[in-house]
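Asker: From the two separate chains plus the hints, produce the assembled complex.
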Amino acid sequence: MVFSGLTFLLLFLPLLLLLYFINGNVRWRNGVLVVFSLIFYAWGEPVMVLLLICSTAIHYLLAFLIEKAARPMPKKLLLALGVTVSIGLLFWFKYAGFLLGDVLGIAFTPPSLPIGISFYTFQILTYTIDVYRKRVRVQKNPFRLLLYVSCFPQLIAGPIVQYADVEDALASRKTSMTDFGLGMRRFFVGLAKKVLLANICGQALEQTLAGGSYSFLGAWLSALLYTLQLYFDFSAYSDMAIGLGRVLGFRYKENFRYPYLSCSASEFWRRWHISLGSFFRDYVYIPLGGSRKGRLRTVLNLLIVWSLTGLWHGAAWNFLVWGLYWFALLLIDKQFQKVWDRFPAIVLWLGTFVLSMIGWVLFYHTDLSAGFTHIGAMLGIGVNGWIDASTLSVLRQYALYLPIPVLCCLPVVPFVKRLMKNHPRLGRILRPVTATCAVLLAVCSLLFLIGQSYNPFIYFRF
Amino acid sequence: MKHRFTFWLTYACIALFGSLGLLLLLFGKKDARPSDEENRMLAGFPALTGESLKSGEFMEGIESYLSDAMPGRGRIVAKTASWMNALSLDKANDAQADADVFEAVEQFGEDEPDAPANPTETPEPTDPEPTEPGQNEPAPDVPEPTASADPDAAGTPRIPREIETCTFRQIRKDGTYRTTYTFERERVDNAIRVLNAYRRKLPENGHVFFTQVPFPDIAFTLQNGDYVGWESDLEAILAANVDDGVEVVSALDVLEPGLLAGEDLYFRTDHHWKPRAACKVAQAMLKRIGIDALGYDDYTYNQNGGWYGSRVSGHPELKETTEPDTVEVLIPTLPVKGVTIDWNGTEKPCPFMVTDRHSYLAYLGGTLGPWRRYETGVDCGRKALVIGDSYICCFVPYLAPYYEEVHTTDLRKDYYDAKRAAWTVSEYLERNEIDDVYIVLSTASGVNAAYVTEYLWKYL
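Top to bottom, those sequences are chains Z and R.
Counting from 1, position 2 in the first sequence corresponds to residue 2 in the numbering used here; the numbering is continuous, with no gaps.
Counting from 1, position 375 in the second sequence corresponds to residue 375 in the numbering used here; the numbering is continuous, with no gaps.
Accuracy of the hints is not assured; some may be wrong.
[As the list claims (entries may be wrong)] Below are the DSBU-like pairs computed for lysine-lysine, each with C-alpha atoms no more than 30 Å apart in a straight line: (1) R:K383 <-> R:K29; (2) R:K419 <-> R:K54; (3) R:K348 <-> R:K419; (4) R:K2 <-> Z:K421; (5) R:K201 <-> R:K348; (6) R:K383 <-> R:K201; (7) R:K413 <-> R:K458; (8) Z:K253 <-> R:K2; (9) R:K54 <-> R:K458; (10) Z:K417 <-> R:K2; (11) Z:K174 <-> Z:K75; (12) Z:K174 <-> R:K2.
Simulated from the structure, these hints should not be mistaken for laboratory data.
Looking at chain R on its own, in the form it has when it is part of the complex (with noise of 0.2 Å):
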């Protein structure tokens, strides 16, 4: 036979393909579990009901936790991130040390901030300046806003006929420009749309506030020397255009400060903002309805060093040149109790602060779902919905003593499937009398990208 070798070649893969699928049956983890390598939690094995066999969620999980209880799948996924990695001109070094990593990325769209496979494959652009007309002229101020919001219309684009974009400027010392994000009219056009339609769901009294917080990256440039200053009129244009009761808080202006002191505001070794910029970013929505929150001085921590993130974890290499990360966790005042809602309405336990972890799981135990309240014990009879995207986590504590329940949800299509949610957004904001909803967004989630062009409406 001429084939033979092929057969049993063959033969042998298809078996041990078999074998590796029933070991993992036999002795997979059967319970989810975080993992810090990627920042999420892993699948365990699905619950075996009817329903969930009608609804296909059995089948969706078997084919998660297969790929999740692989043994070694940290080190596959590193692997095969360094194989593409391989194939690019982009090498991580490169990515490690340069802004530009999460331009492309953020720029034009990319909304999935939590544990992308290999962040520092992103490459940068050898030289953007020549596609960005217009990057070397002297910074002009920022526009004024004109226009009259109309309330009714909520079709009807609102900013003036003149702005054709929004941008992001990087500001170098001599004066010039590098234009980092551009928003285009159309997507500025929707995001008031859509901070205006969760403004409609609200009681009277009730507030949205939003904010787009940009990636570590950008935020280094201003620590390293190569800009001196952001500017964004994108925030400015934002907050002429909404409605009453619709705050848009610029987490720009609140970071740039704080950045240029040289604050440690985000992780080096991450791709996530740390808690002291979170608590600024809180501090200053909560002013804009009269709370003068407090600080994060004014809580205590417990400082779990030695953590590498996203941004190492996938480049073993760049252990040895770069210092770990100390993952700050607050120690709530309260006893918070929280629980996660499922897609029925089921709810079980899930943690608010993980005081002992050593990576940003330690803030609420990362990003569960689809729905979470918090039950903070502040008798204030207001109650906040926060949506967003891994930002939130380490957001949402500082929320915690200014209201009666936190709620939380991630609408990113891994996190979140409507056909499975027993109720819409709006639905979820009637039922729980929320008064205030917060989006928060890292950029890469933000007004150019699917969360607020598409999601943040088809589930409302």
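So that you can see chain Z by itself, here it is in the shape it has in the complex (with noise of 0.2 Å):
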């Protein structure tokens, strides 16, 4: 099930506020959250869910030993067995395929991905380590374990939610009529971005690459429109999932912080799928040693991370190429830093935006050589014309458009947050129009779902 869906804003959400808000009892809303998380899973792989219920029990367990062993070697091993069997998972349906097929070239026919796997195993994983490293305490209580795995709003499109975050509110949380009007907001607007944002950007992408070849216009075009189609996909899936959250009392971290303000590629990493980054962060670059172990050591941990990263979005050679583009990036940011202090920070942003929309080409293209000849045609290698009929046409056709997802990659709802918050009397009339806006734009979105069919979500199959 998507959040974008008839069926999940039309049955499946008021149904589970009903239920959930009809008892305080935190074990009830728990119980309410589980079935209907599951359900919300199975919805889209009634069989798959075994495995995330298999996934789950098999953490539980192992956490449990972990905690009872008194010796270090144990826990080691215990926490090697549970890595190995996540990771173990996450190859098989992920990478075997591409290791088989595409590095050794064996004939082989990879089992289909089960939907959030990587974002689930990551989420488990940071249970078990953490326990391990004893941040956390065990959780007794396997149910509890299994609502913070399987939690819908977080399930498969992330905000990666470390166990660490929502441990207390797994035993206890509050909610209040604020925080149900505020993330519901928030979840609105987050499916107007979806659907009014990406989903038509999207549109128009698949209209201006239909033509096969490209012309300079048309693959600068193409790459924006990506750009776009991507940043409001992923961050409108974190956005509703923050908001669901908030409504149902967790509190999950951001996941986006305007990332196409940024002026370097570090800084960008800062604002894009901060979830990804932070678990990375915690759980491989400082594990190898972080920057601690001389200049060379960095250099190699850094690879590593990049590497993982973009094997991580997927399980094909552009996404390895994606990655080690960025580790370069970022070694070339950091290595020439005093140099790009000397530039206007007009240049930086622009530089970093095109530098990011390159990288978006190189995601894009699951075919590494199509990628490449996109990233030609922008550089006018083997183009075909300043403009072809395609880009003319999209052009003319989401002229009026184009300029609202660029606006909307500025901040202006923090903008507006700290206008009400610095004028208290322009907030009092402000918070009702925005909470307004928010719902029409839901109702907009709605008979866009209702009027228009164009509506895939890019990072389930992540």
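Answerer: This is the structure we're talking about:
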């Protein structure tokens, strides 16, 4: 099931909220949430829900044993077993086809990828590793652990919620009218970002790319459209997850902070998919030694982290190359920090934005050569003229629409929030206006979901 | 509490959504039914079985049902389309009149000729000439294909090296032309290989027929005087390079004289051809195997007037300035029995001609599927499979008198799901002892589109 589906909006969510709020008892609420989360997952993956439950059961047991073990070696072995099982499952479903087929050239039919496996695998690993590190207490109630792993707002497309962040909320959490209102408002805004921005950018992108060859402007326009689509698609999902989490009494950390305003590669990754960056920092980079073991080792650690970041997004060469591309950019960024400081901010911003666009081109084309052809066309190599008919057609068709997503990349919401905070009287006027706008956006989104059918979620495949 | 208003408003919104969902579950129309506005079958309530739950069919069905059973759906579709239209530089009236409307979509392989959300949204290039090099050159002769086909080399490029592209051109009065479609060598090669691959799946005396039919907007340019002729080298190149038993019929050549003579070959308000055009193409195809087929006027028809098709239905304002279409529905000479064959092989009766229907759904009842079989009552021992998009609905009736059974399938992405299909196309051909395959596509699903580059291969 997806947040931007009619089944979710018209049936699942209203029924869940009704049953959830009918009783304030946390056990009741956890029960409702577990049942609905499993239905939510099983709606798209009726069989694979068993894998999620088994995976949770294994980690529940292992964490228990880790805590009970008196000596460090058994603890380490149990942790290694947990990591091996989870990564093994992830590897089997996600990477076996790539390794055996693409790398080794062995004929192999890969198993179908369970939705959200990359997200929930990482989540459950944070639990077991943190129990080992004694950062969190072992969860004695298996249903609470299942709730943590399966909690539907963040189950299939993140953000990656670390166990430590919700440990207390699993046992007791407060809900309020304010949290409900603001959470739903955030959800509606996310829904509108998905339906009214990401989907329409995606439609325009398909039209632009349908020709198969690139004109110079066509190559740039398609790169820009994908850059916008990906951001709105993924950040919308995070907005909806964070909003729903708040409605249900969970506080999830922000996952995006206007990444396209970044003036450097490192800043970009502090603003884009923050929960993934945090996971790799806390559970891979720092355990490898981070930057504490010399310059060469730091570079090696970064190389490992960015290769893994690339491969996490998909088992294909283009994702690996995309990860290495960012590794190179980050190295250059750090190496020439003093040089960059001399440039005006606008140049740095433009450079970062263009480099991120080029990165998304690599990300988009699972066929690496197609990606390089596209990048080549952006540089004027092998182009079919300055502009082609489909680009012209898209520009005309979306002429008045295109400025809207571009403007929405700017921090309009924080600006309004600051304005409301600094001018309380204005705040009192604007508060109902923002709520009304959010509801109107939700209704518009519903109408678009009925009237227009283009509705893919890009981050599902990860 | 600072956010009381926000709470109540969002609460009311979600309560409204929930009530709407509940009402749809309780009172929504549970049966699948045709939509004249959208030119397709609207989803009914899906069957709830263990199998449909396991396969996910039920879940997909519920999503479609909620969308299709929504009260005022037609208006919502039109309204959202008009909102998008308002943000476009191309307005409905421009598109209605202009022949370039579908050009961009067709040329670059959009493959959804059934009920585009808003066909008039697709803009015409303001001045496409600069984007196409050499457009204003004098019309050259169609190049003579010289290559010989290698029937065994499915993966070998077959067309002559010197040919980089094939083109479809519209000829102006002064002899200059405008390149409307360009077919890259790679796409043409692919089409040749795919046609040969289908041919190899048929018995020795079997045939594969292929045609791609231009959209009405292009066709109308011959009638409104913008252009005086068409020219395409694609069909000649294809024909010269396919194996024996593959017949490439140029719908352009077949339809051009009629259009120039002012014949009514396309619906004015819709994006489909009319039976008269379909009959002409069917005749031309059948002639290739020595059958002198009946002409359009040899049949009798019900004339169902007053229909506005997809090009107008999303734009109520155009109804005031546009004459409605008349739907000519063939009255079958023999009682034809039709069945749809479900993904798992279950058969259900389906209509052949809905003689009292005032829309394109009169022909075969629209696109139903995934497979259909029409038992024609003709005892000739030959069976045909027609593969295509919605253009086949109008076409199939003219094949019926010459085959014992005519089967159909539509491989477009919203109509065919290989994962659920009990058979591949090859298996279906073998299982039903099909002799001839007809691939009839609008240009939107043609050589440049995923239908030919992807689906025909993938599902074979």
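Asker: Work down the list of hints and note, for each, if the structure agrees.
Answerer: Each hint tested on the structure:
{"no.": "1", "hint": "R:K383 <-> R:K29", "result": "violated, 37 Å"}
{"no.": "2", "hint": "R:K419 <-> R:K54", "result": "holds, 13 Å"}
{"no.": "3", "hint": "R:K348 <-> R:K419", "result": "holds, 21 Å"}
{"no.": "4", "hint": "R:K2 <-> Z:K421", "result": "holds, 12 Å"}
{"no.": "5", "hint": "R:K201 <-> R:K348", "result": "holds, 27 Å"}
{"no.": "6", "hint": "R:K383 <-> R:K201", "result": "holds, 14 Å"}
{"no.": "7", "hint": "R:K413 <-> R:K458", "result": "holds, 12 Å"}
{"no.": "8", "hint": "Z:K253 <-> R:K2", "result": "holds, 23 Å"}
{"no.": "9", "hint": "R:K54 <-> R:K458", "result": "holds, 24 Å"}
{"no.": "10", "hint": "Z:K417 <-> R:K2", "result": "holds, 14 Å"}
{"no.": "11", "hint": "Z:K174 <-> Z:K75", "result": "violated, 35 Å"}
{"no.": "12", "hint": "Z:K174 <-> R:K2", "result": "holds, 17 Å"}
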